Structures are given as structure tokens and as C-alpha cells.
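Please build the complete structure, drawing on both the sequences and the hints.
Here the sequence shown stands for residues 1 to 514, numbered as in full-length UniProt numbering.
Simulated from the structure, these hints should not be mistaken for lab results. Among the clues, some could well be false.
What the hints assert, rightly or not - No farther apart than 20 Å at their CA atoms in a straight line, the calculated lysine to aspartate or glutamate pairs in the EDC-like style are these: (1) K226 with E203; (2) K62 with E47; (3) K226 with E271; (4) K321 with E352; (5) K451 with D475.
What the hints assert, rightly or not - With beta-carbon atoms standing in for the labels, derived distance ranges: (6) P206 with V384: 50 to 60 Å; (7) S296 with T59: 55 to 65 Å; (8) L123 with G420: 53 to 63 Å; (9) S18 with N84: 47 to 57 Å; (10) Q135 with K226: 19 to 29 Å; (11) A79 with D176: 29 to 39 Å; (12) L123 with T83: 25 to 35 Å; (13) D344 with N452: 20 to 30 Å; (14) S24 with A60: 13 to 23 Å; (15) T83 with V129: 49 to 59 Å; (16) I78 with T173: 28 to 38 Å.
Values in this document were obtained by computation on a predicted structure and should not be read as measured data. Note that the Cβ used here is the ideal one computed from N, Cα and C, for glycine as well.
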Amino acid sequence: MALSIIISCRNDEPVPSSEKSITSFSFLAADNPILSSDVQGVISGKEIHCVFPAGVSVTALKPSIVHTGNTISPASGIATDFTNVVNYSVTAKDHSSQTYAISVTVTPPVLSSNKTITAFSFLTTDNPVLSADVQGIISGQNILFTLPAGVSVTALKPTIVHTGSAVDPAAGTAHDFSTPATYTVTAEDGSTQAYAISVSVSESGPSVYVVGGQMFFGTGYARVWKNGTGTNLTNGDYNAYATSVFVSGNTLYAAGSQRIGNSYAMYWKRENDVELSTPKLNETNDDAYANSIYVSDNNDVYVAGQENHGAGIGYIAKVWKNGAATSLTTASGAAHSVFVSGNDVYVAGWEEVATGWVAKVWKNGVATNLSPLDQRAYGHAVFVSGNDVYVAGQYYNGSTFLLALWKNGNLEIIDPNTPGTDVSSIFVADGDVYLVGNEIRNGQYNAKVWKNGVGTFLSSVARSDARSVYVHNGDVYIAGWEFDNDGKQVAILWKNGVATTLASDAFAYGVIVK
1 MALSIIISCR NDEPVPSSEK SITSFSFLAA DNPILSSDVQ GVISGKEIHC
51 VFPAGVSVTA LKPSIVHTGN TISPASGIAT DFTNVVNYSV TAKDHSSQTY
101 AISVTVTPPV LSSNKTITAF SFLTTDNPVL SADVQGIISG QNILFTLPAG
151 VSVTALKPTI VHTGSAVDPA AGTAHDFSTP ATYTVTAEDG STQAYAISVS
201 VSESGPSVYV VGGQMFFGTG YARVWKNGTG TNLTNGDYNA YATSVFVSGN
251 TLYAAGSQRI GNSYAMYWKR ENDVELSTPK LNETNDDAYA NSIYVSDNND
301 VYVAGQENHG AGIGYIAKVW KNGAATSLTT ASGAAHSVFV SGNDVYVAGW
351 EEVATGWVAK VWKNGVATNL SPLDQRAYGH AVFVSGNDVY VAGQYYNGST
401 FLLALWKNGN LEIIDPNTPG TDVSSIFVAD GDVYLVGNEI RNGQYNAKVW
451 KNGVGTFLSS VARSDARSVY VHNGDVYIAG WEFDNDGKQV AILWKNGVAT
501 TLASDAFAYG VIVK
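And the structure:
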């Protein structure tokens, strides 16, 4: 009997997987400190693309990879340079493989359009011809300089601060500023902005500024005369005149009034004859007048004057600081003069009371009465010299007005035997006290100056007046007017008593010398 043995064979081993897909490709901030947040790649077929924020370096990034294969090369977490496309190969368990192309893009930076010059100056360290640094005044796309007399401008090296990526010509490069120069700032985005640089040189000797008004073809213009050359402050649309002038650095400020229906208190601000602003100060639609202007060391602009507040009240004395008004009186009054000493602001004027008119001086808004309540007196001008506060004005003695000077509140009557005097301005220099105004003589007022109480007539012409005085290096400058033989008003500047005619059909109210 034969025995057959049959053995059957069966394959129970599993078939190796062919899966080899990348299901996630990312860069985690935890592995890549250069990143502020995780970046997830976008998988499209066998291509994966990642977008990074602007400024990210891609030369050593560590990817985090999730895949369905057995292995991947390069491995997950290995720092790799992604400057160019990088191929990653996933190998399945059945040893088949799939290659993925990894590309990255860094978002371009947002290019700035900033192209502003924020400072333009000439420093002594770069320009030995200068004795002090000079900062340009930026007004829009104009930059203005006034350099001291005698300075050569043919090879100046500017220091420039700007917000762009480049400026042409470059900062620190010598340039001839004899004529206006153009400097162009280029922004990061390629846009440009041109600036016009104008450099002027001060004339030898002081500059004398006089303000007032002049008639042209029936219209009154506010005017400024610099060293005798007149320039309009207004365009003739409305009648206007200037009453007071101040110069701070290269900037001229002039206070006055302009009639636009009603009278508006104004001040004009100019830099090298370029108008920078013309603020209108009135709070109401009633008349207002600006009598005096002063600019502090902090470039705060103070204007003294008065504004009509209607029936029953009348004009209120006011001081404006940078256009913001402060009322000094509650009843009718006026503020004629303002002076700033350090941090203190002094205003001279007067206020009506039930029994008379009181001359006053305000210090930082707090009033001091200079005259008794039952008298009639006015404060017209204030000047501070050291610790001494001088106020000049008028004092009525019961029959006529006398010239009054208060020093620290103590009254002195100037020319007590000369009735009918008025004072408009005061200046103290080297201990000498100068007052200017007029005196009634033969029924007409005549311009007059008083030095330490001794009076001198400035003009022999009937109907003349002195309105402002300024002393510079011992020279006494006085602005005012006369009437000529034809009856026309003539603006006059007196220097040490010698008259110079500025213009006909005109008057001068204020003078300053720099």
C-alpha cells in the first residue's frame, strides 16, 4: 500500500505599502526663531510652495514634514537652504519613491513713499566760515536761510535729515548756494520730492524794520519797510494796516487790523518775505484791533488789543497767545502793549470803572492798578529791564493830560509843566529811559522824544506823531509820521533825530532793529 503525502503551500506575508505622500509641509516658529508665526506650505500635486514674510532669511530653515511613506530625504527637522528649489524624496515601504519639489517665496517689503526733509542745516564743524550753526526754516518745499553778513555761500556743506532712501546732491557735499539750489529726496518706492534751498546773506550793519500802512489807488495796505524798502503785507482785497513789529531769528511778525466787513485783529508772519501765515484773531464778528506783538524765546506769539463785545460792555482788553484769547477786563478797556520777560508776560492798558478810567499793568493775567479808581489814566506802553517794570501813559490832572511814567508802580509825571502830551512807546537801554509820542503845540500835535524826562521835538511840522522807539547800539530809531505841505501823510523814520521819508500817503506805527 502506497502512502501519498500532499503538502500545500500558502503565502501569508503582507504586501508592503506603496504609500509615499507628503500630507503636510510646514515651518514652525518653535524650530525657526527667525519666524514670528508658523508657515504652512501649500501642496499642489508634487509641488509644495511656502510664502514667508518680508525680511525672512531662507538659508537655514528646519521643515516639519508629515508623510505616509517609510522614510523621507532630507529628513524632517534638518536645517536646509531654500534659496533654490529643494527636492524631497519620500520612500514607501515597498521601496518605491516619490519626489516633491519645495519652493519658497519671500514677500517683498512694502516700500515706503516717505521723502521729507526734516532738517537742513549748516554746521560750523563742516563750514569753518560760520561762527555758529545755522538751521534752515522749512516751509512746505522751501527751505530758507539767512546767514551773517560777510559769509561766503559758494562752498557750503549741508547736513540733511530726511525720511527717504537718498538725497541728491548728497549731504556733506560742498555746494554753491549763490543761487537757489534744488535738493531731491528719493523714497524707497522710487518717488521723488524736490526742495528749493534759498540762502541769503544779511546786509552789513543792522536791519531796520518799520511797519505801518500806505494807500494805493484808494485801498490801504499793511506795509513793512526793511532798510527803507517797502513790501506789502496784504494783497489789497481789504483795507489794512500794521501797528507793531517783532523779529525773531529770520521771521518777521507784524500785528495790525484788516477790515473784512468788520475790523479784524490780525498778525502776519513772514520768513525772508515769504508769507507763512496770517492768523485772524477775533472771537466774535464784532470789531477787534491788535496794538502790539511780542514773540517769546519759546516762539510763542503774544498780541495785545481789544475786541468789541457789544452794547453795554464795549471793547474788552485782550491778549492772544498763539491765537487763543484771554480777556483782561470785564468792563470796557484796552490792551495797548505787550512785553515778555523770561516766563512772564506783561500787558499795559486801562479799564473803565464807575468812577473813572484806571491805568493797569497785567502780569501773567493778574492786574495791578497804577492809578486811583477816581482818576482818569491810561497805560500805553510797557517795558521790562532787569527787575524793573516800566509803564508809560497819560494821567489826567483835572484839566489836561500829562505824560506819566510808572516804574515798579511808582508814578512820575514827565514834563509836569507841559500839558497836552501823549506817549505811545517806551524803550530802556543802558539805564536811559526813552519815551516817544506827541505834544500839543499851537493847537496841533507834534512828534516828540523824551530821554530821561527831557523832551526834544522831532519835527517842526504841525501834525506829526512819534509812535514807536527802539535803541540799538546807542542809536535811537523812531517811527511815526508827518503831514507835508500838500496835506498828505508821510511815513517817517528818525535815526538820532534825523528824519528819513519812507513813503507818501503812508504812516509808520512800529520799529525794530536787528
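When you check the alpha-carbon spacing of K62 and E47, does it fall within 20 Å? holds, 18 Å
Regarding D344 and N452, is the given constraint of 20 to 30 Å on their beta-carbon distance met? Since the Cβ atoms of D344 and N452 sit about 25 Å apart, the hinted range of 20 to 30 Å holds.
Should the hint that L123 and G420 are 53 to 63 Å apart at their CB atoms be regarded as holding? At 57 Å between Cβs, range holds.
T59 and S296 - C-beta distance against the hinted 55 to 65 Å: holds, 58 Å
T83 and L123 - C-beta distance against the hinted 25 to 35 Å: At roughly 44 Å between Cβ atoms, T83 and L123 fall outside 25 to 35 Å, so the hint is violated.
Between I78 and T173, is the Cβ distance one that fits in 28 to 38 Å? Check failed, 51 Å falls outside 28 to 38 Å.
Would you mind confirming whether the straight-line C-alpha gap from K451 to D475 stays at or under 20 Å? holds, 13 Å
So if I understand the rule, the pair passes when the alpha-carbon distance is 20 Å or less; does K321 with E352 pass? violated, 24 Å
Taking the Cβ atom of S18 and the Cβ atom of N84, is their distance within the range 47 to 57 Å? violated, 30 Å
Just tell me: holds or violated, for the beta carbon distance of T83 and V129 against 49 to 59 Å? holds, 53 Å
Could you tell me whether the CB distance from Q135 to K226 stays inside 19 to 29 Å? Given about 22 Å between the Cβ atoms, the range holds.
Holds or violated: K226 to E271, with C-alpha atoms at most 20 Å apart: Measuring from Cα to Cα gives roughly 13 Å; hence the hint holds.
The structure fails hints 4, 6, 9, 11, 12 and 16 (numbered hints given earlier, in ascending order).
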